[in-house]
Amino acid sequence: MGDAPAMTTDKDRIAFATLAHADLTQTPLRRDHFVPAQARDDAYHAAYDRTTLWYDAFWRDGRVVLVAPRLLNFWPALKAADIRLDGVPAKLGRRARFHRHEVLHIPARQRPKTISVTGPDWSLETDLSISALDRFAGRNVILTISKDNDLDWIRDFARFHQRTQRAEAILFIDNGSSAYGPDDIAAVLADAGLSGTILSAPLPYGPVVQDKRNRHRANFFRTAMLNLARLRFLSRARAVLNVDIDELVWTDGPSIFDIAANARFGFAPFGGAWRHPPDDLDRAPRHADHVWAQEASPKTPAKYAVAPNRLAGRFSWDVHRLEGLPLKSAFLREDAGYWHCSCISTGWKYTQRLTHRGGDRIDPRCVQAFQSALPG
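In this note's numbering, the protein residues as written are 86 to 461.
Any given hint might turn out to be false.
Claimed, not checked - Mimicking EDC-like on lysine to aspartate or glutamate, the simulated pairs with C-alpha atoms at most 16 Å apart in a straight line are:
(1) Lys232 - Asp329
(2) Lys198 - Asp219
(3) Lys198 - Asp171
(4) Lys232 - Glu332
(5) Lys232 - Asp268
(6) Lys164 - Asp206
(7) Lys198 - Glu210
(8) Lys232 - Asp269
(9) Lys384 - Glu419
(10) Lys384 - Glu332
Just so you know, these hints were derived from the structure itself, not from any lab.
This structure is a prediction, so every number in the text was calculated from the model and none was measured.
Given these sequences and hints, build the entire structure.
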């Protein structure tokens, strides 16, 4: 068992948090594959998470919450295991299964410090993380996941939404950046005028499967992190904006947080469009360079803002939707959208987008927004 997952608590500054990660590497257990063999290439095997039992464990509202990848064959092993909270036997409660993650509940009247699990030929123990619901209560919060994005990009992203959408705080999930540390991220977020928390999550992101039907089916990490954020940090936030570093949100009139907070059910999805830097740019692109539009560019998938204390907050958060919410298209906003900046990327997923420069026309709305929010 390692050091206890720690978190500072000053609401007006940047805090740091970690995960109570349960890893089975030192045991004989390995997660089964559920992707067809013909769709598993070397990249898949390198990225597929076979050893995480749960990403995080924390206590809230009279129960220990475990946020996990798809358990698959781990479920029978966990169900048959001896589970203890601070050494006292405990029983699994409700199990909620979703497309790419699971949430388990263990009743506990008081907050325990440790959880241990013992099977016939394996065992593990972790500390419990500290929930931080009060830290974000009543606030407009950006939720984003990032790895090794340029610090200038992070600053511009945060500053743009602070100035144009009145974002107040950010939950920044860092997926194991090696180019800098949490203190460096904290400095640029504070410089942009945001408080919040940096959650260090240096775990496998998961593979992109060579199957057109569902390329991300074995990518457990992202949706699990979104719902870990919802349950451990953001359930009491006024509104949460789920966007990536390369995405800048615009609205007509009220901020996206106001739109979500006042929307029916508290859900505000919005579409996006690609924007590109000029083709003669002779330096590393920044967000403000992405003012060129191409009429032939495909639309980008919807992102969303959500008010967690409304009906929509009861649904599981996925990357582009609320899982299980019917009639998603009926909620799509026409008074909000986002610009997807093609060259704000490390190329981790695919590099073709980095070659997209120039376009058919300059978008005057982008120019005006960037000159106002990102001068210089």
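Review point. Given the hint that lysine 198 pairs with glutamate 210, does the C-alpha gap stay at or below 16 Å?
Key: OK: lysine 198 and glutamate 210 at ~11 Å, within 16 Å.
**Study point:** 16 Å Cα cutoff - pair lysine 232, aspartate 269
**Key:** Answer holds: lysine 232 to aspartate 269 is near 13 Å, not above 16 Å.
Exercise for review: For the pair we were handed, lysine 232 and aspartate 329, check the Cα-Cα distance against 16 Å.
Suggested key: 11 Å, holds
Point to revise | 16 Å Cα cutoff - pair lysine 232, glutamate 332 | key: Holds - the C-alpha atoms of glutamate 332 and lysine 232 are around 15 Å apart, at most 16 Å.
Check your understanding: Are the Cα atoms of lysine 198 and aspartate 171 separated by 16 Å or less?
Key -> 6 Å, holds
Review point. Is the hinted pair lysine 232 and aspartate 268 satisfied, with a Cα-Cα distance of at most 16 Å?
Key: Measuring from Cα to Cα gives roughly 14 Å; hence the hint holds.
Check your understanding: Going straight from one Cα to the other, do lysine 164 and aspartate 206 come out at no more than 16 Å?
Key -> 15 Å, holds
Point to revise | Restraint check for lysine 198 with aspartate 219, where alpha carbons must lie at most 16 Å apart | key: Roughly 20 Å separates the two Cα atoms, so the pair is violated.
Review point. Regarding the pair lysine 384 and glutamate 332, is the alpha-carbon distance no greater than 16 Å?
Key: 13 Å, holds
Practice item. Decide if the proposed pair is consistent with the structure: lysine 384 and glutamate 419, CA atoms, cutoff 16 Å inclusive. Key: 14 Å, holds
Taken one by one, the earlier hints fail for this structure only at number 2.
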